[in-house]
Every structure is written in C-alpha cells, then in structure tokens.
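A.B. asks: Based on the provided sequences and hints, a complete structural model is requested.
So the sequences go chain by chain: A and B.
Those letters in the first sequence? Residues 1 to 616, by UniProt numbering.
Those letters in the second sequence? Residues 1 to 674, by UniProt numbering.
Honestly, the hints are just simulated from the structure, not real lab data.
This one's a predicted model, so the numbers in the text were calculated from it and none came from an experiment.
Don't be surprised by glycine CBs; every beta carbon is placed ideally from N, CA and C.
Where hints are given, some of them may not hold.
What the hints assert, rightly or not - Partial list, derived from the structure: chain A residues whose beta carbon lies under 10 angstroms from chain B:
1) Gly66
2) Ser189
3) Trp233
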Amino acid sequence: MQCNICSVLSKMAELGAGSLLTGDPAFNYQEHELNERLKRLYPAVNEEETPLPRSWSPKDKYSYIGLSQNNLRVHYKGHGKNHKDAASVRATHPIPAACGIYYFEVKIVSKGRDGYMGIGLSAQGVNMNRLPGWDKHSYGYHGDDGHSFCSSGTGQPYGPTFTTGDVIGCCVNLINNTCFYTKNGHTLSFCPCLSFQPNLYPTVGLQTPGEIVDANFGQQPFVFDIEDYMSEWRAKIHSMIARFPIGERLGDWQAVLQNMVSSYLVHHGYCATAMTFARATETMIQEDQTSIKNRQRIQKLVLAGRVGEAIDATQQLYPGLLEHDPNLLFMLKCRQFVEMVNGTDSEVRCFSARSPKSQDSYPGSPNLSPRHGATNAHLHNTGADSPTCSNGVTPTNKNKSHNKYTGVSSASSSPSSSPSSVNYSESNSTDSTKSQPHSATSNQETSDSEMEIEAEHYSNGVTESSTRIMNGTYKHQEILQADDNSVDDSCSSRQLCGGNQAATERMIQFGRELQALSEQLCRQYGKNATHKKMLQDAFSLLAYSDPWNCPVGQQLDPMQREAICSALNSAILESQNLPKQPPLMLALGQATECVQLMAKVRSGSCSFARVDNFLH
Amino acid sequence: MMACLLEAPLRISVLSEVTATSRHYVDRLFDADPQNVLQGVIDMKNAVIGNNKQKANLIVLGAVPRLLYLLQQSSSSLELRTECAVVLGSLAMGTENNIKSLVDCHIIPALLQGLLCSDLIFIEACLRCLRTVFISPVTPVQLLYTDPTVIPHLMSLLSRSRHTQEYITQIFAHCCKTPEHQTVLFNHGAIQNIAPLLISPSDKVRMQALKCFSVLAYENTQVSMTLVNVLVDGEQLSQVFVRMMQRDKPIEMQLTAAKCLTYMCRAGAIRTDDNCIVLKTLPCLVRMCSKERLLEERVEGAETLAYLMEPDVELQRIASVTDHLVSMLADYFKYPSSVSAITDIKRLDHDLKHAHELRQAAFKLYASLGSNDEDIRKKITETENMMDRIVSGLSESSIKVRLAAVRCLHSLSRSVQQLRTSFHDHAVWKPLMKLLQNAPDEVLVMASSTLCNLLLEFSPSKEPILDSGVIELLCSLTQSDSPALRVNGIWALMNMAFQADQKVKVEIVRALGTEQLFRLLSDPDTNVLMKTLGLLRNLLSTRPHIDQIMSSHGKQIMQAVTLILEGEHSIEVKEQTLCILANIADGNTAKELIMTNDDMLQKIKYYMGHSNVKLQLAATFCISNLIWNEEDGSQERQDKLKDMGFVDILHKLTQASDPNLCDRAKTAMQQYLA
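C.D. replies: Below is the structure:
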C-alpha cells in the first residue's frame, strides 16, 4: 500500500517545475536526474508544501555575489578588501524536516585570491554581507583555516582546510539535530554546533575576488555516499520501531491484534474466514453471522451493478435505514440510473433477451480484495498512480485528497477497466435467492472462504456529507476466465440499456423519478450542489451516442461502484451501532496521519518511519 | 570409557543423587532392544538440552564412548546414529571441559567418518557437532588436517544444503590459522567453492563465507590475487564486499568485509587509491573505531585500519581527518571508566578485560597514522595526555601494550620537531631505556630503533641517554642473532658517534672492541655493514680523533678497508669505505698509513677512474686530503703522488662532466700550483 497522495502531489509538483524549464535538452536531462534523485533521497517530502532547495536564490543574496549556470554557480564580484566585503547566498528554499537527513555538496572551482570560502547553513533573514557561521542562526565550515563557525565570529578547529578542486558537503541530520561536513567524500565528524534552528537554508559565502563555487543539490551524483548514511539511519529507526517495548502488555497486545484482524474480516463480510479465525483464536465476534452475510450480499449486489436490488434488499433487511439517510438513498438511486445506462441494473436487465447461459453473467465491478502484497497474483498493477487515499483526520486535507483521487483515477482508466470489459461471475450468491430469480447455486461457505473472488472494498474516510475518502488499493483485476459471454458483453452489449427499447423507456421513467426525488430533497433540505452535480453527470450520459467514450463516461466504470458500496456498508454498520470502518484501517490511517504530522512539527525521523515500509 | 572417567576425578565428588537419574540414561544405551536404545537416546537428548550439569554427569558416567560406538556401528539404524550425533552435539555445547572430554574420546575422527554416509540429515547432525567442537579454543585445529581426505570431502559437501554450508564454512573460518592451512584450503578450491555462498539467501551462510575469505586472504598474496578475479553472479568479489560494508548491514559483516578488502589491498591485489579502499573500506574502519561500537569491534577496527594504511601516506592523511579519528582514539585509554568501577561490577569486568586490547590497538593505529606525515604526528602528540599515555604504556605489564606503545613512540620519533620538544619534555628515554634492559626481541627491535632516533645529534635526549650507560647495552645488541637488532645497535652507536666528544668515541671503541667491530664489517647483512662503516666514519672525524684512533687501531682499520675495497660489495658500501679513507687522509699522522701503503694508493687511483661518479668523487677527495698544502710534508706527498701519475688523472678529471667531480679535481690541482 502506498502513500499515494504524497507521490501524486510530488508528481504534480514536478510537472509544474518541469514546465518552467527552458528547452535546453541537457538541462532537461539534468532536471530529470535531479527529480529522480530527490525523490529517491527524500520520499517523505511533500514538495507542494515544502519544496526542496534546487538552486541558489537570485533574490536572497548579497550584491557582491554573482550567479550563473542555472543559479548553481556562485562567484565573487566585490572588492574583497577585508571581512566587511564578505557576501553570501542562500538556496531558494529551506530544508524540509521531512527529509530526515539532508545533504548538498559544493565544489570549489577556484579558491580565488585568498580562498576565504564558507559553506554551511543559515536561517532566513541572517545578514548576507557575512560568511555563514559568523552570526546567530548561521553555521559554516571555512576553507582558509578549516574551522567550524557556529553562530560566532570565532571558529573552532574542526577539519582540514579546503581549496580549488575540493568537494565539500554539508549533511544535516534532522533526526538527532546534528550536522557534519564532508571533504572529497570523507566525513569530518560532527560539527560542534549543539543546536540547530528549524528552516535552515543551504548557504555559501565568499570573500575574495576570483572565488567560484558550484553547488550540487542533487543534479549530479554526490561524491559522498549519502544514501549509505541514510540507510544506516533507516535501519536504526526501523529497529527502534521493531523493538518498541510493549512490556507487560504482551497478552493485551495479542488480543488487540486478533481483534484487528477479526473486525477487519467481519467488516468486509468475509464471514467464513472470520468465523474460522474466531474459532482458532478463541475470540468473540460482535456481529451475528446473519448480519454479516446480509451485508456481504448487499455489497455484492452493488458491486455487480445491481443497485436496484441492493436498495430493495437494504430496505427489506434494514428498514428505515435509507429513509433516515436521504443522501445515501439519492446517491444509490443516481448510481442505479448509471447502471441502467450501463445495462447492468436488474430493472433493465430483465428486458434484455439473452442466451440462458448469459443469465448468470453480469458485467460487474472488478473483483476487489485488499492487496496482500505480491501474493495476490490476480492483481495487475495499473501504475504508480493507483489511487490509495489515506484516512483524513484533518478536514482541510481531505477535500484536497479527494479531488486528487478522482483526478488520478480517471487518468488511470486503462482499456481493461472500461465498464463491460470485466465480468463478475456471480457464482456465489445462494444467500440472495429470495430476490434473485436467476442466481446460480453454489455453496456459500465455499465461496466465502475464497477471499480472492469476493468483491469487496473498504472505505476509511469520514462519511459526513458527500465527501468520501477511500482507503485501499484499487487495482484492476483481470479475471482470467475464458468466458465467452464476457467477450460477448464487452463487444456487443455496449449499447444504451443493453440496446433494449423497453429497458430504455424504463430508464427514462426512472430518470424522471430520480429528478422528482431530487426536487423533493431540495424542498425538504435545501439546495444541495453535490446532488445537483451528481444528477447532472448521470443525465449527461444520455447526451452522447456512445456514453462509454464520452467526457462523463467514467461514471460507467465499475470501479465507481466501490465508493457507494463502501458508504452503504458503513451506513448499515453504523445503524447497527457498529464501527463504520474497521479498526485496522483506522489505525493505518492514524499512523499515516501521525507521520505526516511529524513532518509538520519537524521531527525528522518521520522520513524513515513511513507506514508503507511496514505494509507487505 | 575409563579414560573419560579418569579425566575428571574432581567431578566425581560432586556427583550426588542426580547421578542416579543420569546413570539411568546411560544404562539405557546398553539395552538389548535397539528400539529401547533409540528411545533412550531421544530421552537423553531432551534431558541434556540447556542443562550443563546433566551434560557433565553423562560425560563422567561414560555416555560418550557408547554414543560414539552406536554412531559408528553400521548395524545401528540411521535414526539412532543421527540421534547420537545430536546428543553429542548437545554435549559439546556445554563447557570447555565437555569439549576436552569429547576430543579425548576421539569424537573428531568418528564424526568425520560419519560424513561419508549418504544421508543428509545424519551428515548435518555430524557437522553441527563438529562445528561446535572445532570452534572451541580448546580443540587443536590441526585435527582437521590430519586426514588429507577430509578437506576435499568437506568441499564436496558444501553443495548439499544450507546447513552443511553454514557449518563447514564456520569450521574453515575457525581452523584456518597458518599459511599452511590457507594453502591447503586454497589448493582444494576453497575460493571457487565458497564464493557463491556470499550471495546465499541465508544470513548465516553469507557471514561464515565472508569470514572464510578474511582468514584465507590474511597476509596471503596468492589468495588475494586470486580473489580480485573472482566473479560472483557476474559481479566482482570486491564489489560484493563493498556491498557487505553498507551501513545498514550487521556490524560484524561490515567489519569482516572491510578486513577482506584490507588484506587484498595489503597483498597488492587492490590499489591503495582504489575507490573501494579510499571511499569505502577506510571510512568503514574509521566507523568501527567510534564510541558507538562494542569494545571488541573497536579493537578489531583500529587494528585493521592501522594495517591498511601502514604503507600509504595518502590513506594516513585521509584517515587523520576522517571523523576526528585522532581524538576519537584518545577515548580508547579511558577504560575502565571511573563510572563503571563504582556502578557496575559486570561492566567493570568487561572493561578491564578489554582495556589492554583497546590501548594496544590505539597505539598501533597512532603508530600507523604518524609514520610519515609531520602534521599528523603533531596532531597526535597534541592529543590530550598522549605523551604521558605512551610513557606509561612503555612500562605496562602486558607485552602487547608495551610493544604497541614503543611502535607508536618510534613512529613519532621520526619527527625532528617532536624529538626536540615533547620527547624531551616527557623524558621518554627513561622508560625506553628501562624497556631495553629486559624485553623480548620484537620489543627490543622497536625500542632500539626508537633509541637510534633519540641519539640523533640534535636530540636533546642524547646527553642524558649517554649518561645512563647506553653504550654497553648497544654493544651487546650488536652481538644479537637478530640482524634487525644488530643493525639498530650499530646504528645507534653510529648516531651517537656523530660529532661526539673524544671521550665518547674512545668509550665506544673500547666497549665494542676492535674484534667485534671487524666482525661487524664482515656481517652478512649489508645494513649492518653500512652502519658499521658509518660508525667508523663518524669516529674518524676531526684530526686529533683520527690520529688517536688510527694510532691505536690503524693496522686493523687499514686491513678492513682493503678487504672491503677488494671484496664484492655494492657501490654504496665502497663509497662509504672510500670516505673513511678520505677521513684517514685528513689526519696528521694517520696520512702516513696511506702514503706508505702503495697498494692502497693504487686502489685509490683505480677508483678515481671508476665509471661511478660517486666513487670517483670519494677517491679524489681522499687524494685531495693527502696533497693539501698547509700541512707538514705536503711537498713530499705531492711529489710521490705526482710520480705515481695522480696529476694526470686529476687533470683528466678537471674535464669531467660532473660539476662536483670537476670542482674537486680543480681544487686538488691547485695544491700543486700553490
């Protein structure tokens, strides 16, 4: 499971940065190298919030400093008579705490007249008419004497001197708040500075004519093996987490873990698995078995696109639920309309003349099951931007995340995810016999234990109003069934309502009812922009001759069923006074959020304590 | 069985009621029904796990020979034989005494024999037990090599399973202690067989394979040279080692991989400026010296680093600025720390145990760091209490520490500045002299070598050392069997004689004795010969000294000079000898020893026409001294030499292409003109 928001955002940030570039191909290549390296070194940094330093700032420098070569080369252009002629330049951005460990290098192109060069860090606002290290909130390693200056005009003996041809590096460790310099790839021990300000900028200072230095913020491979140094800290933090003492609570710990697993299975309706697990671990399951199975059945219906039946079943099994949640009902009905267009809802399916064999086959949502690492061979990865959204606790973040999610999900619609190309073979729905005239007969227990063919998903969002955040990995699953019908479906059935006239009429009638419902809700609860948009989008499908290949055609994607399915499942659980999301996902979301919060409060270890490192 | 009983007579008294149950286990091994025997062995296995007392009891009661008997019997079922090997392995896990008893019962040949069986489970049980026995310090390593078929068979078993790989490589890693062992293993294809194990999926196998390479490559050029060309899965072995040094790898792995690369580098298989040495091995070893590492790791890290950079000044310079190594090492002297003494007995014990090792390792590393660069030496001597630490190190009880301290002192004594300052301030000569009185040869070599430097003429320590009766000591060193000690003895005397008082010179000649002096002039070691000539030259300086010494020893000295000039010697030796002759020619009365020796004059003539400029120069210098105007009888000498044809030669030499020789010849010619 990936923390995809970060990667999505950084990707977008990169795109943004890339678009500013000139057409120089060499430069573009370097920029590409830079992006790749920065992403690898600082995966936890969200560059939209905290951009990384990429060059020297043409604004934040003393006038005696000249910049060239894409603001990476610094030269001195003052008189250089004495220390009053010192001049510094800061990088464009401060070092984000989420780096954990940050590193940059400076190559001494020329030591100029006297080689009074200082390399280090300084905070915003520190006087630029000085070398780094001389003032408060400023730190530097100086070439002429090899001394380290820590916010003081007098340096301390620290390392060797440096001169033309040397490469000096500066590494900031935001985990233990230390800093060290390197010379030609060799570490020079920790700098004696005891504490560091937050938000320090990479800084260089020069003082005599002819001094020229080049910065490397990641444009080129570093001389010092910073990744090796990082790996040590990653290992340290991972072992710290792994060895986190739980003391006397060993028994409790086990119970908590068992409960996590059990509740997760129950939430998603893995009835038989949950029962087996409970038996093996001698734990209790809160919800009774029938209830789990009921929910499972309803979820399957939604995922199969048979929303009408799902609504019926819900009303029958949980009377009053939908009446008390008109928003949910409206969403379901909108979805039902979409499914009618799709030709999957039973209200239109009953019109279609099909071969008896096809009665058992429904164009359905891809079978989804939580990703269990690489073991699930059925999953095929649609790329790095598979949408996984984290549980948002802070509302501001959430809308944003949601937007990103939809944006990406549309981009990721590969041909295989088009509505009818994937068939869900409804072979395990014996429990829904009452309302299913055409269900096949198969053993519920057997199908239950085969988790992989169960359609399911999970939501981990706050379900207030219409903002629903999905938490899970949605991957398209290729069903490797050689089912003629599915091929048939994908080719010939892509007609409105399955191409049946009566069905189309039914759909239009249903549309009117939906319109009426919308108006009624509007009268009752006031205007609702989300509803309006939903309805508009759904009706827009009819405006195109081929709804599947139209600007709003994405609605027909079976993947779109998952959000509503999850919402319905959560609503049912809530109505039964059960948690609307499984504790496992809650814990996961919380951990993810916690790590993000660590970055905000400048706790550097967050970069090596990423949740996805612990999910397999 | 009796042998084992007798092995531990003391333990018999300890036996109490436990013996009864233990006895029962042993008795069951003799049951007539094989099924009962098997069950007995299994029960015994369960009884001894983690129970050292039970193990000792069973050994005393003679379980081992019976188990070995059952293990070797071909009539025993494979299951029984395997269980026997397992129990024996368990017994071996106990105390060192257990191991001794097992070895005395000839467990090793029995188990090695067992390896010939085809059953993998049984082989693994035997190997597990063998491993435990061989890694014990009480087991003689040689037992692995007694039967020449064992090593090839073990090599062939390497492919059987991860367990055989782990146990066999562990045995090799522990039992490869001498160059002979290295050769045996090398000749049986150790490198080709073990290299693929470096990328084994098992951590343990990788680690043991790596250890094998470190012991195989240690001071072994043949192995090291072979290793650089080995590919593991298409990757060079050195790169595999570099990956094993990554900071997130276990410390033991990093350290052992660094050792492998160090040994390969010292053997000349990897250049000292190779990135894998400069940017990987060296920084890795410096990290091993840091406070965060365990004391054992810090010792090994420092020793390996010292060894790595010993011959290379560039590596010394890099190390000296890496991670403040010089001051980091100062911490090695702070064990046991004052805190540990009060608070934690266990830690105090631990610290004490490693304190000597830490100190000697630090001294070694300082010695290596300071062996070439003056700035580094300065940095070292300026480290807190460094000179005091060396001084007290010189008189420590541990010979290892003394040796390392004197090595460090020797390295620092190459600095003129340090000799003039810190060495004198701390009177290092005192403990050094004390060390020289009674020490093993290796310490003596280092100490006397250091003394040579302290006796250099500008050294302020020279005077007090002279007053401490050093001459006798040095003279006795020249009689040592060790060429290194003879060189150092005579070298120190040579330094001492340089521009010395007449009194000192006479004392040296007296103490050494002409007989010994001439013995040294025929020493098989050229170094000894050169330094002896140097001593003679230093003795024969300033006219009164020359005349005095030549008057008492002139005959022998002239004989020796003749011998050397006639003998098969290097240019340097002959040059030095001609210089002695030139000194003799500078004396007032001593001159006559040459002037009256026509044979010698012919020799000088010969060297004036030699093809080597240095020899020509020295010979011309000699003649120049003989014909010098201002001295008594110069006219006679000039005439005689003119008659012998020297003027013609000098005239020719004024045309020489070498400006020095040309000048020297012209100066000599002027003596005739005046």
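A.B. asks: With reference to the structure, classify each hint as holding or not holding.
C.D. replies: Against the structure, the hints come out as follows:
1. Gly66: Constraint on Gly66 of chain A not satisfied, violated at 31 angstroms.
2. Ser189: 4 angstroms, holds
3. Trp233: 8 angstroms, holds
Hint 1 alone, counting from the list given before, is not met by this structure.
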